[in-house]
Amino acid sequence: MTTLVDRREAPEAGVGYRTVAAMVREWAEQKPDGVAMREKEFGIWQEISWAQLWDQILNAAHGLLALGVSRGDRVSIHSEDRPEWVILDFATVAIRGITVGLYPTNPAPEVEYILGDAGSIVHLAEDQEQADKVIEVLDRLPSLKRIIHVEPRGFREYREDDSFFYWDDFIELGRSHRQENPGEVEQIMAEAEGDDVLTLIYTSGTTGPPKGAMCTNANVTYCLETVVNHPDRTGTDPISDDDILLTYLPLCHVAERIFSAWTMASNGPSLNFAESIETVQQNLREIQPTIFFSVPRIWEKIHATVLIKLNDATLLKKLVAKPSMAAARYIGRKRVERGGDFTPIAKIVYWVFNALFFRGLKERIGLRRCRYAASGAAPIAPEVLEFFMGLGVPVYELYGMTENTAVATTNFPGRAKVGTVGEPYDRSTLRIDEETGEIQTQHPGVFKGYWNKPEKTAETFTEDGWLKTGDVGQWVDGTHVKIVDRIKDIIITSGGKNISPSEIENSLKTSPYIKEAMVIGDGRKFVSALLAIEFDTVGDWATRRGIPYTTYRDLSEKPEVIELMQSIVDETNSKFARVESIKTFRMIPKELDHEDGELTATQKLKRASMAEMFGDLIDGMYGS
Amino acid sequence: MRGRPLLHTSYVSDQAIFNSGTKKVLVGLFLLILALMPLGVIPGLKWAATNSWMRVFGEVAVLLIAALGLNILTGLAGQVSLGHAFFMGIGAYTAAILGGPEGPLWGLGLPIWVWLPAAGAVAALVGVVIAPTSLRVRGLYLAIVTLGLVFIGEHLFRNFDFITGGSQSGRTFPPLELKLWKEEAPIVSFQTDGSWFGIELSSQAKMFYLLVAFAIVASLLAKNIQRSRAGRAFQSIRDRDIAAEITGVDEFRYKTLAFAISSGYAGVAGALFAAFVSRTIPEAFGLPLSVEVIAIVLIGGAGIVSGMVLGSLFVIVLPLIVQNLTEWLSDLARSGEGIVQSIADFFVATGTFDFGLISSLPGSSPGLNVFQFNQVLYGLLIVGFIIFEPLGLYGIWVRIRNYWKGWPFTY
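One line per chain: the protein sequences are G and H, in this order.
Here the first sequence is numbered in our numbering, starting from 35 and rising by one per residue.
Here the second sequence is numbered in our numbering, starting from 654 and rising by one per residue.
Warning: the hint list may mix true and false statements.
[Claimed, not checked] In silico DSS-like cross-links for lysine-lysine, where the CA-CA straight-line distance does not exceed 25 Å:
(1) G/LYS396 to H/LYS1058
(2) H/LYS1058 to G/LYS352
(3) H/LYS676 to H/LYS876
(4) G/LYS74 to G/LYS335
Keep in mind that the hints were calculated from the coordinates and are not lab data.
Using the sequences and the accompanying hints, generate a full structural model.
Below, the structure written as structure tokens:
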């Protein structure tokens, strides 16, 4: 298997700009037999070597050429994370096309909007479910020529229709094109430039329709230099080809793309695809990744799972768990004070309880071999960070956004400050506006603009060319940045007080029983909240107390559950000033969902549509 | 991937028999003990090197082979059979006809490499003939049909006295020795004392080595059958025969196969058993033997190969414990004092008109004799294990292991 890429197909071609595709080619040359990816199939993690990966990428790139995709054309991908996602993505980059990723949860109208806006030519729909969303709106998408599907099931009736391609046939098409035109892809790669747009990342759109942020090769290069390979980043060693990643968050999101596909290409760790979001905890246990990036939702979920499972443990285990958890809290507190480092006593306590308890616990949650963990994409509660620090899995919060390729701030090992999003990678690239308190960045990672939306692009930049993030922040000790809230989310009560709702919401969400919270109070006399329970944990809680329930709604409205919520609200209120305390709250009677329009694809609240949908609940609280 | 026991990148690692370092070490240690035990060099296990204990462990190995066979039929394929002793009998008498000494009774005096495989093959063939009944009757009814088989078998064995020697005298079986053909001096004899590689060994120790070697081969074979396509088919039939058929498992074919493999094992075990005891009567292959094998399967842990090892050790060693206990109690009843004597006297009959639970006297006296008491004990243990620990002794081990595996959670 040590054949392949001596680039004999186009030996005279140069190397061109070092795109992510070119990086994969380098790995395929250096260690063709090394494991690039693993995907679980029928219970077995099937390995894909660098040579095989590059071979597939070349075939797919030739396939795209055969389908008439040329420089700057858009190729959209609507799929769960799987090797084909990354292969088609890198193949598109190789021929200087533009990838457009869609969230698997995107409903048909959003698919229509994004494909229409991007003007996608070739579309990959993972399976029948995703394909149905496109077929529904196909006649309104004139530019879309081909639909590739990875799963063959359910496509029998389209077999004669040549606008549908089965993945294997597509690769076969690429293979024959490659035989007829050897080296064509290599030639195109040699012409690649830093200014080429490689992907459109559609922002989740908490307000208006999604906007496609144009991300260039140079943006990616800068992002990899800072976010992934900053010398202070992983403390001791940089990410290497011995590292192991697990990918499960949507790859169309900038953070997941950086921490999985792009990190794989630049640093060479193996990329493992979780089976689905439901099996993440099981897959984590199997893979035991060494580098793990996740969103607060997952960290909170792991935290809640640990608490509940310990609560259900047998007597002896409980007897050990009690002092161990107290030790974890102690260590966590000490480490938080020291910016992530141990005090000597904390180190000894950690050593004892690690052997006794933490090691087993970390093995069960799949973080035993994790040497660097990060949280981003949404604010995380300090309690959760402290918990993981106590266990010996320090989670470093970082901050960034699509428009600056996630390059803004991060907490570095040894200098972390819980409650802040850390320090700028380079002090000169970030500033906080004196007047509005808005965080602004300017560096080579800042995007080229929104696709087809020059006026929106102009709105995003200040007059002197800095990117407006839309987040209000403040300096902590002159080095670290603390995010207050989104500018447009800040609540000004009728009394004229400024309140940051997300801080209160996060405090509420620390409780394992609350899944979502929306704090309301803009232009009102007092602050109130809408709460959504975490069905599993509250269900478990109710079962223990012998409270019978049927549905989500029924459980939400039980007087005992409302009492439980009241106690959590009271606890939160005690942490905030009087004007910020929640006077009253209502239970949301349904599970919030992307498809119903209450959440964005990244599970962020769409406040406007929430306020509309649950208007009667809100009105009830304010008695109008 | 090192340090990631749950990450399987191939079916080979997913299905490995020894899938952890601990298992490899434990099995290696166990084999080492087996190899050194007859030499009497292991401190603390010197007693095991005596002839009487070597004989006991030899019997354990033979019954283990029988139990591995029944385990495939009952534990894996879920077909309860009480007829295992019948198949063991078929194997034993096939061996007798082919390998037994030429004389008044049938016997061709052929060497072991003929009679042992033939014993397995003939028993397997009979199994194939019996198998179709399992398609017509299930569960308890199959148990009754196979129970009938044991009685038919016993009747036939008793009446074919030109082969079996009849109930009075029985017959001698082929000796455990390796010959090329019918020559006088065997290449290796397991039934005479002698030295191997310069080490003096008793005949019992030699037989122990031979039988343990057969048992190891049989165990590995059973384990491999279990993780093969056929093994998975057996388990699917056990769990839900209709669902198994729907997913493409040919019920007739696999039930027949299970019967064939199981009776093949029984045939080999029966032949070895007969050769091991060297002379026995047809009644030896009656219901009590079936019960003993069933007890091994259920007490050890149905469906689990290593459970069979635990089960056969337990079931064979248990009577010895009972016997020693009885002797100790009767001593106590004769010479003890006060309350201790009364308690001992309650359990053991020491005189003709003493109505104790177990009689230590020879001949027929009130109460049960040790052998009968053992049968009662097996019955009680089977009932107890099925109710309280369906996975048998192995299940107890699994629970201990899972307790630590799950640390610090419970599930």
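Hint check results:
{"no.": "1", "hint": "G/LYS396 to H/LYS1058", "result": "13 Å, holds"}
{"no.": "2", "hint": "H/LYS1058 to G/LYS352", "result": "15 Å, holds"}
{"no.": "3", "hint": "H/LYS676 to H/LYS876", "result": "14 Å, holds"}
{"no.": "4", "hint": "G/LYS74 to G/LYS335", "result": "23 Å, holds"}
Hint check: no violations occur; every hint is consistent with the structure.
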